[in-house]
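Let the sequences and hints guide you as you build the complete structure.
Protein chains: 2
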Amino acid sequence: MYNFIFQNTTKIYFGENQLQHLSEELKQYGNRILLTYGGGSIKKIGLYDKVMDELKKANFSVFELSGIEPNPRHTTVNKGADICKKENIDVLLAVGGGSTIDCTKAISAAAFYDGDSWDLVTHKVPVTKALPIVTILTLSATGSEMDSGAVISNIDTNEKLGLLHPLLQPKVSFLDPANTYSVNAFQTACGSVDILSHIFDCYYFTASKKMDMADRIMEEVIKTVIKYAPIAIKEPENYEARANLMWASSWALNDFLTTGVSQVPVCHAMEHELSAFYDITHGLGLAIITPRWMKYVLDETTAPQFKKFGVNIFGVDESLPDMQGAERAIECLSDFLFNTLGLQSTLTEIGIDDKNFKIMAKKACWGSVLPSLKPLGAQDIEEIFKMCL
Amino acid sequence: MYNFIFQNTTKIYFGENQLQHLSEELKQYGNRILLTYGGGSIKKIGLYDKVMDELKKANFSVFELSGIEPNPRHTTVNKGADICKKENIDVLLAVGGGSTIDCTKAISAAAFYDGDSWDLVTHKVPVTKALPIVTILTLSATGSEMDSGAVISNIDTNEKLGLLHPLLQPKVSFLDPANTYSVNAFQTACGSVDILSHIFDCYYFTASKKMDMADRIMEEVIKTVIKYAPIAIKEPENYEARANLMWASSWALNDFLTTGVSQVPVCHAMEHELSAFYDITHGLGLAIITPRWMKYVLDETTAPQFKKFGVNIFGVDESLPDMQGAERAIECLSDFLFNTLGLQSTLTEIGIDDKNFKIMAKKACWGSVLPSLKPLGAQDIEEIFKMCL
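Protein sequence lines, in the order shown, are assigned to chains A and B.
Anchor point for the first sequence: position 253 equals 253 in my numbering, and the numbering is continuous, going up by one each time.
One rule links them: number in my numbering = place in the second sequence (from 1) + 389.
Note that these hints are calculated values from the structure, not bench results.
Please note that a few of the clues may not be correct.
Stated by the list, open to error - Rough simulated footprint, nothing fancy, chain B against chain A, three-plus residues with beta-carbon under 8 Å: (1) 9 to 20; (2) 203 to 214; (3) 235 to 249.
As the list claims (entries may be wrong) - Once the Cα atoms are required to be at most 25 Å apart in a straight line, the calculated DSS-like pairs of lysine-lysine come out as: (4) B:Lys697 <-> A:Lys223; (5) B:Lys400 <-> A:Lys129; (6) B:Lys518 <-> A:Lys171; (7) A:Lys11 <-> B:Lys518; (8) B:Lys513 <-> A:Lys209; (9) B:Lys616 <-> A:Lys223; (10) A:Lys171 <-> B:Lys560; (11) B:Lys560 <-> A:Lys129; (12) A:Lys171 <-> B:Lys400; (13) A:Lys209 <-> B:Lys623; (14) B:Lys616 <-> A:Lys209; (15) A:Lys11 <-> B:Lys400; (16) B:Lys598 <-> A:Lys227; (17) B:Lys599 <-> A:Lys223; (18) A:Lys210 <-> B:Lys623; (19) A:Lys234 <-> B:Lys446; (20) B:Lys616 <-> A:Lys129; (21) B:Lys400 <-> B:Lys446; (22) B:Lys518 <-> A:Lys27; (23) A:Lys11 <-> B:Lys623; (24) A:Lys308 <-> B:Lys744; (25) B:Lys612 <-> B:Lys697; (26) A:Lys308 <-> B:Lys518; (27) A:Lys86 <-> A:Lys11; (28) B:Lys612 <-> A:Lys223; (29) A:Lys209 <-> A:Lys295; (30) B:Lys518 <-> A:Lys210; (31) A:Lys227 <-> B:Lys623; (32) B:Lys400 <-> A:Lys209; (33) B:Lys400 <-> A:Lys210; (34) A:Lys223 <-> B:Lys598; (35) A:Lys227 <-> B:Lys599; (36) B:Lys598 <-> A:Lys11; (37) B:Lys616 <-> A:Lys210; (38) A:Lys234 <-> B:Lys598; (39) A:Lys227 <-> A:Lys27; (40) B:Lys616 <-> A:Lys11.
Yeah, the Cβ is synthetic: ideal placement off N, Cα and C, and Gly gets one too.
If you want it as structure tokens, here you go:
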């Protein structure tokens, strides 16, 4: 009970005007930088220019990889790795959200491998070395800025897989809430659901006994997101809301909350199949799946935990019987996701039918059973997908 | 607002039977170990033998420094540094509570300095290099197991001063709650007060605006201590209580809770004079001082914060006017400290009179003013000491 190993080495610069420290941090690793980013929103918000100004002042040699996709592809990882090899890159600077950072993490390892980067993602070959990574975060969601994981998609095989290695942990991350002011309502909502889901999936809803303090802290991070996501949606330039969401994003998945009971992230596993097959926004898929998963696994054994969630997070009446309290909790969560955050509530609404459910379900459970609050096999997962229609 | 830099690199092994990892961690740093400990309680509980077994199995050369005092002296630091130099020590292994770990941190730096270690503590010479430190914690209190600070006393000059440097951060700490089963009721109470005081002093009671999430998490750590300290006192071998207190100890002062508003730890500054002059247990001094400090700084501007503390931690009635709510909060805290934890409530009871108050007060405010919730000069501090009689 409670045994765990914890270490998180990432150095965080949190707040405004911290980019003055960018060059001193990068310089520790060398002079040749690969700057990575997505579709160009960092140019629109002026961040690209700010970063380039800092880099030029310090005379770095800067190379660029742009156009990293929302569900980053292994082919893009290959492109980045080629630049690293050809240009003798010393350090990677990822400017963007989780997709850009994840792609950059995979590049950092692929830079030392001569084959296809997909071999690393599928664990055909192990990660043995990686270039150092510095990140500048522009979206509060994945927690990638302060963890050692990356999720990469292979569009040819409809696969979306995780790569986890201590060498992928960013050395330094710059977290300026103002860099998320331009994130629109939909993406703010989806990012917030991703944060919540990391806590739900990895730590909060588990059959194992947790340390009380960790449990309480999880609930405060959940409450923080539930309080500030709607504020950030209504007032995109509310610094306090953006700051709380940003720090919540980093905390939700950086092992601070672990108490040795981390489990298979079951809703994430199901959602990865949705985005692998349909390239939808991760947080939206999670929003649609999560309450259905809750309903599916709800029984007498799991009801007390869902009720506790409802009581502590949404103020559900504690005197209700477990099952009723649990049902009320799931209603409250659904109301938050689909009314307060305004996300679409069914797969049908976003144009997904049951055509691929069987194969997706089989892939989601890795060919056997997902151990979770209640173990789920392929048939269970297919059932949950159907509930999402 | 909210700007901060955060990094905490210590690797934590939490839980039972983790010492199997001790040798692999130490080996990274070399073969010659200086084992440091206090008065021998680690022998009584069998921990010394367990550690030595692990070290012997791995063929380390082990040297020892025992007898580290509860308020560790610079003369002991000098002794340890001499052993390091003479025996070419590669790595320090501190087995004990905060005093042993603090002393070991100072030794780690003094090992590279040829003069008196007090020069480092007084910042006459800077810390430039330090031996790596691994710790095995036996008392939940100071947070030294996961931070970069140490407090060292000079008994000749009645000084107790802090030394803070990133190089002093332990590389690895082993946190086994079972190693605190033998901690008696008084020391458990004092350690718990120390944990609370770190949060009160450094983060929670401040005039600056904090990030909401950090504030909420602080309160959960406070609640954890208030819940589990009495349980650990009544049932010394309650694993859950010991585990929660131990992890709370590490969290209370390792910068996780910082939101860029950390201030001078004012109650700690006052208490350090008490233990410097009278060698009393740190947590006891803090317990006596804290409610008096609260009463002294209580006015219309500070009342809302103390009331909020009372409402959120002790369930004080929210509808009370600020001043009444604040007074009630201080009463609740006093009741917890002096009744629930059973600590002595006045300096008189522990044989301290006002003889040295003037000089202690002058030293406590570093010759000028302690910036805090309300700035305190020497006269204010003397007044607070008098309230403790």
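Are the Cα positions of Lys400 (chain B) and Lys209 (chain A) separated by 25 Å at most?
holds (23 Å)
Mind checking the alpha carbons of Lys400 (chain B) and Lys129 (chain A) for me, to see if they're no more than 25 Å apart?
Holds, because 21 Å separates the two Cα atoms, which is no more than 25 Å.
When you check the alpha-carbon spacing of Lys400 (chain B) and Lys446 (chain B), does it fall within 25 Å?
holds (23 Å)
Quickly compare the C-alpha distance for Lys209 (chain A) and Lys623 (chain B) to 25 Å and report which way the hint goes.
Given pair Lys209 (chain A), Lys623 (chain B) holds - Cα atoms ~22 Å apart, limit 25 Å.
Verify this for me: three or more residues of the region 9 to 20 of chain A with a beta carbon less than 8 Å from a beta carbon of chain B.
Three-residue rule met by the region 9 to 20 of chain A, so holds; n is 10.
Would you check the hint for Lys234 (chain A) and Lys446 (chain B), treating anything up to 25 Å between C-alpha atoms as holding?
Violated, because 62 Å separates the two Cα atoms, which is more than 25 Å.
Holds or violated: Lys612 (chain B) with Lys223 (chain A), Cα cutoff 25 Å?
Between Lys612 (chain B) and Lys223 (chain A) the Cα gap is close to 17 Å, so the pair holds against 25 Å.
Are Lys227 (chain A) and Lys27 (chain A) close enough, with their CA atoms no more than 25 Å apart?
violated (39 Å)
Holds or violated: Lys599 (chain B) and Lys223 (chain A), Cα atoms, limit 25 Å.
Holds. Lys599 (chain B) to Lys223 (chain A) sits at ~16 Å (cutoff 25 Å).
Decide if the proposed pair is consistent with the structure: Lys171 (chain A) and Lys560 (chain B), CA atoms, cutoff 25 Å inclusive.
Roughly 17 Å between the alpha carbons, so the hint for Lys171 (chain A) and Lys560 (chain B) holds.
Run the distance test for Lys612 (chain B) versus Lys697 (chain B): straight-line Cα separation, threshold 25 Å.
Given pair Lys612 (chain B), Lys697 (chain B) holds - Cα atoms ~14 Å apart, limit 25 Å.
Given hint Lys27 (chain A) paired with Lys518 (chain B) - CA-CA distance at most 25 Å:
At roughly 21 Å apart (the allowed maximum being 25 Å), Lys27 (chain A) and Lys518 (chain B) satisfy the hint.
Hint check: violations occur at hints 8, 19, 20, 23, 24, 26, 27, 30, 31, 39, 40; the rest are consistent with the structure.
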